[in-house]
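S.K.: Listed here are the chains, written in short residue letters.
Number of protein chains: 2
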Amino acid sequence: MAKQVKTAISPTRDEDYPEWYQQVIKASDLAERSPVRGCMVIKPWGYALWENIMQAMDNLFKATGVKNAYFPLFIPLSFLEKEAEHVEGFAKECAVVTHHRLEKGPSGRLEPAGALTEPLVVRPTSETIIGDSFSKWVSSYRDLPILINQWANVVRWEMRTRIFLRTSEFLWQEGHTVHATAAEARERTRMMLDVYTTCVEDYLAMPVIQGHKSLSERFPGAVDTLSIEAMMQDRKALQAGTSHFLGQNFARASEIKFQTAAENEEYAWTTSWGSSTRMIGGLIMTHGDDDGIILPPKVASAHAALLPIIRKPEDRPVVMDFTEKLARELKEKTYHHRKIGVEIDDREIGGARGWDWIKKGIPLRVEIGARDIAQNSVYVGRRDQTPNKKSSFSRDQFVAEITAILDEIQQNLFQRALAFRKKHTVKIEDRKAFYEFFTPENQKKPEIHGGFAISGWCGSNDCESKIKEDLTVTIRCIPFKNENVKSRCICCGKQSDSPVVFAKAY
Amino acid sequence: MAKQVKTAISPTRDEDYPEWYQQVIKASDLAERSPVRGCMVIKPWGYALWENIMQAMDNLFKATGVKNAYFPLFIPLSFLEKEAEHVEGFAKECAVVTHHRLEKGPSGRLEPAGALTEPLVVRPTSETIIGDSFSKWVSSYRDLPILINQWANVVRWEMRTRIFLRTSEFLWQEGHTVHATAAEARERTRMMLDVYTTCVEDYLAMPVIQGHKSLSERFPGAVDTLSIEAMMQDRKALQAGTSHFLGQNFARASEIKFQTAAENEEYAWTTSWGSSTRMIGGLIMTHGDDDGIILPPKVASAHAALLPIIRKPEDRPVVMDFTEKLARELKEKTYHHRKIGVEIDDREIGGARGWDWIKKGIPLRVEIGARDIAQNSVYVGRRDQTPNKKSSFSRDQFVAEITAILDEIQQNLFQRALAFRKKHTVKIEDRKAFYEFFTPENQKKPEIHGGFAISGWCGSNDCESKIKEDLTVTIRCIPFKNENVKSRCICCGKQSDSPVVFAKAY
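One line per chain: the protein sequences are A and B, in this order.
For the first sequence, the positions run 1 to 506 when the numbering used here is used.
For the second sequence, the positions run 1 to 506 when the numbering used here is used.
The following block holds chain A by itself, in its conformation from the complex (with noise of 0.2 Å):
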């Protein structure tokens, strides 16, 4: 019989998913929820790896020319009604600013006064507020390509929100460009992709599958929306970017228009690509396990926890200098572009301490103690490993070591989400396998999904929506390896073109 664990994350990952999600938000101390409907607060831990990743993905943007701008916040109804497919998917979730002071009503309470003749909504996003600058900002062709981003925050009204993977507001990078011709425009939007997936696979550690989306699971307005899906340990498919060739739709609508060289005045084409705290969630349910979030090193808020141990009152002097020495001499090494952040934790909590840090995912956990200083060495723990088991490195070995053993987690990591993916993507062609690997009875338990069906489609929204209807399971995206390989609707068994993915999704 095998030996009952004990976990510090109640519910395990088998016993409840979701709510092992949130007490793992919790015991982090990434983030937790305010008292605005929908919104979260972002706490200095969670932050910290937001910033991490907002710089690596920053980086990589600017590699291929893009620069930052920032625009308004608020978007004038008319603005946004100027693309119809645009305003009718986002009205439903819009907050709207109708009013622009307080003041004293009869029952002596504030009130909203001075009523705005226009109403403006909070950006869910931003195509039509940057698409009326870029009409000014664009004459000839010799203004071509613009490429802009911004890193902001925008509020869709969600009615079931759930911290970093649904939120009412949340933080992003919305980049937007245009360009004279739509090849120049579609790779564009591909290598924006590309990034994303460098960003998702290399730093975050979580492997993806790149693919456009069927036309109902498009961006409003987008004549091509690609996509990144990753799998979560539920087996349910998380997207983790988007990229959209938005076609001349959008410079039709907001009038961004350019002379040629051959001076006819044409619309321009462009493209908008946006990722988000949302990638956090997907970061948490790729890599968590029974004790909590795994950071991965290279975005990790910091990489080691330093814990002195003081047995005696008497040691402590001794200790806390080796450790302060330690810290300051492994604060000055670097593991991928950043300075090791390093934290010392002089708490005297007993075990509990060793728990804070595992919950919150600290690659590695260093414990300092008399007796291994009298030894020179170090007791070290790894988070992508059990708890209990630590290794004695020489101080010196550890310091030269150390961005080796964090490249080994990172590692690690992918290689886990990797295999673990591939275990539960299954190629299916007949509809009656397809139908019992997504019913829940099917499955061990109910609250973990079939996983990954790369199967056949003919195309229609038909079959598309019956699929949906019968089973909570959507066309992730139509990858782009195999396209073009024929096979069978999985649902009504004719031509397909090209495989796609099936999965149920958050």
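These aren't lab readings, by the way, just hints derived from the structure by calculation.
There could be a bad hint or two in this list.
Since the list gives no way to pick out one identical chain from another, each pair is judged satisfied if it fits inside one copy or across any two copies.
Stated by the list, open to error - Dumping the calculated DSSO-like pairs for lysine-lysine here, alpha-carbon to alpha-carbon at most 27 Å:
| hint | residue 1 | residue 2 |
| --- | --- | --- |
| 1 | Lys390 | Lys26 |
| 2 | Lys26 | Lys468 |
| 3 | Lys325 | Lys468 |
| 4 | Lys6 | Lys390 |
| 5 | Lys333 | Lys67 |
| 6 | Lys26 | Lys136 |
| 7 | Lys333 | Lys62 |
| 8 | Lys62 | Lys359 |
| 9 | Lys390 | Lys312 |
| 10 | Lys481 | Lys339 |
Fit chain B to the given chain A structure using the hints.
M.R.: Just chain B now, with coordinates in the frame of chain A:
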């Protein structure tokens, strides 16, 4: 007779200072008005400047133990009402969200729908919403201090707006800290004012005066407001950062209580401190000349514009090769913790090209022609010198000395601004002289204001109001320097405990 010099900006500062300011921004491509009332678009050249200011400040904050976090954009009306003076101070300029979706109305047009039960105010500042989090985070003296900063957008509905100086939406940072004692909170209030001083003087090259605000200019709800005040070239004052000691006012409002070591429950002591994109307005008005802005090298969007001069098409390969190699070499060098930023501009538009970079305020313009290359030299113009003054450097000497040249420009800008402020800061003890100093008819140009008058003040609101009414002159601060030097109130002649700085202000 002085030769009439043609300037790049029209009108000049002397002709029309407010209009000069608008034209300088336009010519620099830093930012522009948006179609959304009172909101600005910060363009890439302006945003890069803001990124550099943020980075400098963020490093200074973190060095004092401050950590970044993020709190909701929306503040429930009831939260804002918790502190009476606070809501009173902001009620007249709040953007209020009252609905959470859009629906087709009887007219067929989209209208706000889904009325909220409680209106949400778009944060004008976040004391009350962050206070709510603090009340949950603090329970014991062991949890203190809490040192938090947030980089965010805020909205204060302004009727008369000017880019950077006064906009309805602006970008800022707001720091919020919680302490166990009043003394510690006061110390932090002062420490953060010193951090602002370092940032503004050492990075933005703007000399400032530190001091206390008078009661009437205090932050709504604060016990004490400290500020730094800079002098613009029209001799008006600009507040470039404020730091507030909030006493226990917001702790009481948000129920931030803690248990002391002696196990008593007490309200905590809080501070807040903020600085914003307004600093960019100050930077423009401190250093700009009649040819446009001058960016201090430590925060400049880029450091050097390389301008290849191609007289014959066949020169192009050689000139561009030389230019690109130089750019690569310069970019590998570091100036004040940042890689040197280099722009290559090979547009063939004649003299307009050099003027474009002058108007953008880039510290160095480097002309590279076939003749220069033959001598392995470059021809360098400095933005702190007149446009026609250029010096020849050997290429290698320029590479070796560029950081020293940038430092010289940085120091020069600061010293120029300091000399200007000293020249226009006058100690005035006589009421008549004071009124004359601030009376436009006595100035050569009505739009130029007297400057800073250092005069006594009895501390009464009556005298402060009278001077404001008569002259639109306000008390900018009660400077730390010469605090407790007794004199006479410039208005009523009663005893003054400390001299104050009087000025017209932005």
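S.K.: Does each hint fit the structure? Answer for all of them.
M.R.: Comparing the hints with the structure gives:
For the identical chains of this complex, Lys390 and Lys26 are intra-copy neighbours only, at 26 Å inside a copy versus 61 Å across copies, given an alpha-carbon limit of 27 Å. Taking the closest pair of Cα atoms, Lys26 and Lys468 never come within 27 Å of each other, the shortest separation being 33 Å inside a single copy and 53 Å across copies. Taking the closest pair of Cα atoms, Lys325 and Lys468 never come within 27 Å of each other, the shortest separation being 59 Å inside a single copy and 57 Å across copies. When the C-alpha separation of Lys6 and Lys390 is checked against a cutoff of 27 Å, the pair qualifies only within one copy, where the shortest distance is 18 Å, while the shortest distance between copies is 74 Å.
Taking the shortest Cα distances, Lys333 and Lys67 sit within 27 Å of each other only across copies (21 Å), while inside one copy they are farther apart (30 Å). Only between protomers do Lys26 and Lys136 lie at most 27 Å apart by alpha-carbon distance; the minimum there is 13 Å, versus 47 Å within a single protomer. With identical chains, the CA atoms of Lys333 and Lys62 are at most 27 Å apart both within one copy (25 Å) and between copies (18 Å). In this homomeric assembly, Lys62 and Lys359 come within 27 Å of each other (Cα to Cα) only across copies, at 24 Å, whereas the closest approach inside a single copy is 34 Å.
In this homomeric assembly, Lys390 and Lys312 come within 27 Å of each other (Cα to Cα) only inside a single copy, at 23 Å, whereas the closest approach across copies is 70 Å. Taking the closest pair of Cα atoms, Lys481 and Lys339 never come within 27 Å of each other, the shortest separation being 37 Å inside a single copy and 39 Å across copies.
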